[in-house]
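Colleague: Chain residues, written in single-letter form:
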Amino acid sequence: GEDVEQSLFLSVREGDSSVINCTYTDSSSTYLYWYKQEPGAGLQLLTYIFSNMDMKQDQRLTVLLNKKDKHLSLRIADTQTGDSAIYFCAERRADDYKLSFGAGTTVTVRA
Amino acid sequence: DAGVIQSPRHEVTEMGQEVTLRCKPISGHDYLFWYRQTMMRGLELLIYFNNNVPIDDSGMPEDRFSAKMPNASFSTLKIQPSEPRDSAVYFCASSWGEHTGELFFGEGSRLTVL
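One line per chain: the protein sequences are A and B, in this order. Quick note on the numbering used here: the first sequence kicks off at 777 and runs consecutively. Quick note on the numbering used here: the second sequence kicks off at 2 and runs consecutively.
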């Protein structure tokens, strides 16, 4: 998805917070999603946020949305080794039923 | 529910051969999506169905690719003839109703074309 951009790699120490950033281009996006992909597996929905919200928290996950700048972030508190994976940002536009995915951010958690 | 089930998990074939990938969506889901994942191009949507009807096939690379959904519990993605550049992981995902962004993915079918 060239309409959704993410940095490709993030390295974080165990116990620290991870912040994964994403930018999107379509202002009509209604929902924005974060998916996680572990090695050899399919993508798994982590969380999503509706475009009229600016924050959503779910246990260790916090999603921040800046609609003006079209910027989305995912913060993982107290990052664990099990959080090592590829994280995909995705947008769903108002007039569409399909998602546009970013290229994914590979998160590596080091001890 | 067992989740989205894909088969085969791995397929190795020779250029020119026909490849058929299969998917069983979650029962009750009315949307089914086929994605392809490669290192170079990331995750690409190939086609999606709603109530067994193809809605958008604009992502299908070329005429060598075809997809069908004969009933609510089964879909196939066929490549004929296969080429080395078709090597990728093919994912099937399903969702329901207005929650079309909440996709449930299968484990994927890893295709290698020699």
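A few of these clues could be false.
Chain B regions said to be covered by chain A (calculated; three or more residues, Cβ under 8 Å) [claimed, not checked]:
no., stretch
1, 16–24
2, 36–49
Distance condition first, Cα-Cα at most 27 Å in a straight line; then the derived DSSO-like pairs of lysine-lysine [what the hints assert, rightly or not]:
no., chain 1, residue 1, chain 2, residue 2
3, A, K844, A, K874
4, A, K812, B, K25
5, A, K843, A, K832
6, B, K69, A, K844
7, B, K79, B, K69
8, B, K79, A, K874
9, A, K812, A, K846
10, A, K844, B, K79
Keep in mind the hints are simulated off the structure, nothing from the lab. All of these numbers come straight from a predicted model, not from anything done at the bench. Glycine included, C-beta positions come from ideal geometry on N, C-alpha and C.
Colleague: Does each hint fit the structure? Answer for all of them.
Modeller: Verification of the hints:
Figure legend: the stretch 16–24 of chain B, annotated as covered by chain A; annotation inconsistent (0 residues with Cβ-Cβ distances under 8 Å, at least 3 required). Note: the stretch 36–49 of chain B has 4 residues with beta-carbon separation from chain A under 8 Å; the three-residue rule is met and the coverage holds. Using a Cα cut-off of 27 Å, the hinted pair K844 of chain A and K874 of chain A holds, with the two alpha carbons roughly 23 Å apart. Under the criterion of a C-alpha separation no larger than 27 Å, the hint pairing K812 of chain A with K25 of chain B is consistent with the structure, at around 22 Å.
A distance of roughly 14 Å separates the Cα atoms of K843 of chain A and K832 of chain A; the hinted pair therefore holds under the 27 Å criterion. Between K69 of chain B and K844 of chain A, the direct Cα distance comes to roughly 41 Å. Violation of the 27 Å bound is thereby established for this hinted pair. Among the hinted pairs, K79 of chain B with K69 of chain B is consistent with the structure: their alpha-carbon atoms are about 9 Å apart, no more than 27 Å. Under the criterion of a C-alpha separation no larger than 27 Å, the hint pairing K79 of chain B with K874 of chain A is consistent with the structure, at around 21 Å.
At most 27 Å may separate the alpha-carbon atoms for a hinted pair to count; K812 of chain A and K846 of chain A meet this at roughly 21 Å. Proposed proximity of K844 of chain A and K79 of chain B is contradicted: the alpha carbons are some 43 Å apart, above 27 Å.
Comparing the model with each earlier hint shows violations of hints 1, 6 and 10; every other hint is respected.
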